[in-house]
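Engineer: Based on these hints, arrange chain R on the given structure of chain X.
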Amino acid sequence: MATKTILQSINEALDQMMEQDPSVVVYGEDVGFEGGVFRTTAGLQKKYGEKRVFDTPISEAAIVGSAVGMSINGMKPIVEMQFSGFSLPAYNQIVTHVARFRNRSRGKYHLPLVIRMPYGGGVKALEHHSESLETLYAHIPGLKLVIPSTPYDAKGLLIAAINDPDPVIFMEPKRIYRAFKQEVPDEIYEVPIGKARMVKKGKDLTIIAWGALVREVEKALELKPEIDAEVIDLRTISPIDFETIIASVKKTGRVLIVHEAVKSFGPAAELIAIINEKAFVYLEAAPRRLTGFDITVPLPKGEPYFIITPEQIAYEMQKLVDFKA
Amino acid sequence: MLFDEYNPLKGEMLQIMDQEGKIVNDKLEPKIDKETLLKMYKTMVLGRTADEKALQFQRQGRMLTYAPNIGQEAAQVGPMAALKDQDWLVLAFREFNAMLYKGVTLEQAFLYWYGNERGSRYDDEVRVLPINVPIGSQINHATGVAYASKLKELDEVAIVFIGDGGTSHGEFHEGMNFAATYDLPMITIIQNNQYAISTPRHKVIKAKTLAQKAIAYGISGIQVDGNDPLAMYLAVKTARERAIKGYGPTLIEAVTYRIGPHTTSDNPKLYREDTEVEEWLKKDPIKRMKNYLIGKKLWSEEKDVELHEELKQLVLDTFKHVEETGEVELNEVFDYTYEKLTPNLEEQLNYYKEYLKAEGIKDGN
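So the protein sequences, as listed, match chains X and R.
1 is the number of the first residue of the first sequence in my numbering; add one for each residue after it.
1001 is the number of the first residue of the second sequence in my numbering; add one for each residue after it.
Hints are computed from structural coordinates only; laboratory data are not their basis.
No false leads were slipped in.
Heads up, simulated EDC-like pairs for lysine to aspartate or glutamate below, C-alpha to C-alpha not over 16 angstroms straight-line:
no., chain 1, residue 1, chain 2, residue 2
1, X, Lys51, X, Asp21
2, X, Lys51, R, Glu1153
3, X, Lys200, X, Glu218
4, R, Lys1042, R, Glu1302
5, X, Lys251, X, Asp228
6, X, Lys47, X, Asp15
7, X, Lys203, X, Glu226
8, R, Lys1245, R, Asp1155
9, X, Lys263, X, Asp294
10, X, Lys108, R, Glu1332
11, X, Lys195, X, Glu243
12, X, Lys108, R, Glu1339
13, X, Lys278, R, Glu1347
14, R, Lys1340, X, Asp241
15, X, Lys108, R, Asp1335
16, R, Lys1152, X, Glu50
17, X, Lys108, R, Asp1124
18, X, Lys108, R, Asp1123
19, R, Lys1042, R, Glu1309
20, R, Lys1237, R, Asp1085
21, X, Lys51, R, Asp1183
22, R, Lys1152, X, Asp21
23, X, Lys108, R, Glu1117
24, R, Lys1283, R, Glu1020
25, X, Lys108, R, Glu1125
The model shown is predicted, which means the values in this text are computed figures rather than measured ones.
Chain X on its own, in the form it takes in the complex:
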């Protein structure tokens, strides 16, 4: 076992799955020769050849649409959208076909494909390179949406996504691609889709986060050592693991949801609705959500206003534990 970054874990998962299964193909814009703009696919073309790892035209609809056809004809395509903000030309394919083929054909065809896309802000990028579009995908029946926050989960979840018989949108928190290392097993393993991760047990309140913000929550805990928070890394946005969430909220009675996606109609809205439906009488305070503002992610000079900090999370934690009905 060695320590690896999220980026290395993703690369290793792709490498090992390609080695194990000749039906796995990897493609997208610049993923072949160059190894992707973030280098997540580095070395794969050299190892597996230009037929299984290839560069495509700048045609997101063709990238995803062809993945539909490849799946039908026995392949397991793993395609990359260079940034989630540029997945929108493929949105028609994803919503009208990827999500529906199993149902449309009453199970004759299913699409075991994976659509990877780096997402989220905090990397001082140009417009369209910082979005968090979870809602656009989690809202669509037939899709699964997975977001890792650690190198261990990145590898195990990606392998689970590739093995999953249903199509999976795999969002990668690009801000922490190289931010830290963790012990990651060298062999193939799965982290189950649809199961949240208990980051830390606690009794005062429940904090739910995912992706790059899990680390920001952990930093916030250090700022508030007097608060004993339970932290859940959701990991799969769809389907939601409501058992873990509800068990936690029943215990703490207070919940804070932290996400970078914009607020209105965002994932927190759904989570709070579920909590109200299933744990209303256990609540000791109104659930709170700390999210991106309902604005376009600002360019780097204004982006700090948008990015959620550990200090801001700590502030919200305090508000929530101080609340008295």
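Structural biologist: Okay, now just chain R, sitting in the frame of chain X:
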């Protein structure tokens, strides 16, 4: 090479039989065995018969909105006859005759238009993708199917249909460029039936022919008389041979005409003259094929009367059967969103069952 002889920029169109079914291009007349020729013709007659009945069923409120194929039978059956069983058919939604030829049953086709997804679950060995409603998007499915065939080095191609209207869609460009880039074994048939719902092709496409779009993609393209089943057969047969040899995709424009409405929700009298329709009725593909077969002593008027009677009865019986068995169970509408029900879906299904039970409702449908 066939495709070099017909320059799409000059509007040169491949035709083998004239509008009476007489061979006008001897040296190109394909050698098709009797069994195949008869299958082509019978499929066209079945398609036409079922189409006409479907329009009636729809008017009687027994079927959903329906998109008839009348007049376009040759553009669909000619290509299918030139393919092999292992080839893939990727549909838009006006390819009823192609579906029937390729092994979709009449019952399945009707079940779909009756409003039941089970109609899109074709038999396991039938390599046909379900009807694809979002215009143009199917082209990219064909590229993926073809890419996989090529990667596996199999003797198979993907044939994809699109309308003249569909060529205006961005996905048409993405798909054609993608297929051309990797020399994919793909054949694109544009059924140019002259109308995108009410909008005539010449009002929304400046190009002289649709086949000439192939030139920009660096591939072969040819304009074919789409009401000539032999010409369509030959074009696809040639395209298939080239695809398997690694020469990449071919773009075939089938020049045809939609005799009926876009769908049963459309009234073409609002936007076109009857005289225009009458001109095209003279080019009816079924009449041409029938005359050709009779000329070859493979068919007769007597057999034709019998066939029509037999198929009419088959269509009526099949539709009756669909009406009797085409209902959908509650579980079925939940079962195919994912491989297994998610906890969320399980909860929603159980909720609905409880509601039905609590209110004493036997059948939620």
